[in-house]
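Whole structure, please, built from the sequences with the hints as guidance.
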Amino acid sequence: MASERYSFSLTTFSPSGKLVQIEYALAAVAAGGTSVGIKASNGVVIATENKHKSILYDEHSVNKVEMITGHIGMVYSGMGPDYRLLVTQARKMAQQYYLMYHEPIPTAQLVQRVAAVMQEYTQSGGVRPFGVSLLICGWDEGRPYLFQCDPSGAYFAWKATAMGKNFNNGKTFLEKRYTEELELDDAVHTAILTLKEGFEGQMTADNIEVGICDASGFRRLEPAHVKDYLANIP
Amino acid sequence: MKDDEEKIFRVSDKLVMGVVGDSGDTTQFAEYIAKNIQLYKMRNGYELGPTAAANFTRRNLAEYLRSRTPYFVNILMGGYDKENGPELYFMDYLASSVKVPFAAHGFGGYLSLSIMDRYHKKDLTEEQAYEVLQKCVKEVHKRLFVSLPNFQVTVVNRDGIKVLPVIDSSSSK
Chain A
1 MASERYSFSL TTFSPSGKLV QIEYALAAVA AGGTSVGIKA SNGVVIATEN
51 KHKSILYDEH SVNKVEMITG HIGMVYSGMG PDYRLLVTQA RKMAQQYYLM
101 YHEPIPTAQL VQRVAAVMQE YTQSGGVRPF GVSLLICGWD EGRPYLFQCD
151 PSGAYFAWKA TAMGKNFNNG KTFLEKRYTE ELELDDAVHT AILTLKEGFE
201 GQMTADNIEV GICDASGFRR LEPAHVKDYL ANIP
Chain B
1 MKDDEEKIFR VSDKLVMGVV GDSGDTTQFA EYIAKNIQLY KMRNGYELGP
51 TAAANFTRRN LAEYLRSRTP YFVNILMGGY DKENGPELYF MDYLASSVKV
101 PFAAHGFGGY LSLSIMDRYH KKDLTEEQAY EVLQKCVKEV HKRLFVSLPN
151 FQVTVVNRDG IKVLPVIDSS SSK
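Respectively, the protein sequence lines represent chains A and B. Reading the first sequence from the start, the letters are residues 1 to 234 in full-length UniProt numbering. Reading the second sequence from the start, the letters are residues 1 to 173 in full-length UniProt numbering.
These are calculated hints, taken from the structure and not from any lab test. The reader is advised that the hints may include incorrect statements.
[Claimed, not checked] Below are the DMTMM-like pairs computed for lysine to aspartate or glutamate, each with C-alpha atoms no more than 20 Å apart in a straight line:
(1) Lys82(B) / Glu23(A)
(2) Lys41(B) / Glu103(A)
(3) Lys82(B) / Glu141(A)
(4) Lys82(B) / Glu181(A)
(5) Lys165(A) / Glu23(A)
(6) Lys92(A) / Glu63(B)
Treat the numbers as computed from the prediction; the structure is a model and nothing was measured.
Spelled out as structure tokens, the structure:
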């Protein structure tokens, strides 16, 4: 791996005090497929567009919405391959925690650990920052959590947010639509509506992915289930 | 010779650990676990519950067991969990761990276990539990082939850790 040969970091400060590589990574995220997350009173929903470049694509073989543990799920905007690595590492970290303490990893702790990995790649030799922003949703101690992890290693807790293409419009849309009393079903509806705002072309159950997390754990919704929600969208 | 050795260590606000075994190992291991539990609290802003702490302790025992420097210690860990109430864990030097309603380590345990089996009930009050302990110590003083004069008593409940009066040879008179 290049990081074995390079002893110096490729992410260095510009005169203005910015880490340009991280800015560029954020640009890669902003160019990626839109994803949204909404925290409801009784759960969390995460959703993303999963458009395929050709009709020959085998839909649903590879997923963007992934389960990390029984009670934590994740989605991204940005570069798929970078995301895969973080999913694998997150899963391993969650199991290591369980091995040590015999209790499911609290969502906030998993986020901290993943964010620490992302930060390492901005300060280690011969590597570049991850070109993804993650949305991590979880349920523990009887309440829902929604976190965003950025390429810089910064993490934020959100009530609702959007990432990727048109994220500004998405966030504005959510600011208007979000209420504290939102229930999971309404939140899924709102999430899909938010995705629809910037969606090019016809939205179907096969070109979006939805995941929900509540007291009974995390699961990715079946296309048939997503179809039911889409039927209620004008 | 010392007859007032402190063998019950404060691990966190609602968790205590009684450690017996090779001298040196006991203090070293107990302090190592206690400080790591505190480190978790510093890092994450909340304390580990008794189940997680017991598992953490057992995992350390297990990993050191098959190293060049195993810890030859036997442990009783007691804690109070907000959701699950009071919990007691029995751990030994072979890294076994089991949640139990009552437990004992050492030769005195052979006598005490029978007493506790006879008198223990699920809904004992603190006073009743102390009396059961007094019965155990009385038996140890009467029938054990070694002299163990004093027994330190510590309680953990929803209000935290409290030290009760030492049970000594006067309690059976």
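Hint check:
With a C-alpha separation of about 45 Å, the suggested pairing of Lys82(B) with Glu23(A) is violated against the 20 Å cut-off. The straight-line distance between the Cα atoms of Lys41(B) and Glu103(A) is roughly 16 Å, inside the 20 Å bound, and the hint therefore holds. Of the supplied pair hints, the one linking Lys82(B) and Glu141(A) holds, its CA atoms being roughly 11 Å apart against a limit of 20 Å. Restraint check: the Cα-Cα separation between Lys82(B) and Glu181(A) comes to about 28 Å, which exceeds 20 Å; the hinted pair is violated.
Proximity of Lys165(A) to Glu23(A) is assessed by CA-CA distance (about 16 Å); at most 20 Å being required, the pair is judged to hold. Our distance criterion of 20 Å between C-alpha atoms is met by Lys92(A) and Glu63(B), whose separation comes to about 19 Å.
Hint check: violations occur at hints 1, 4; the rest are consistent with the structure.
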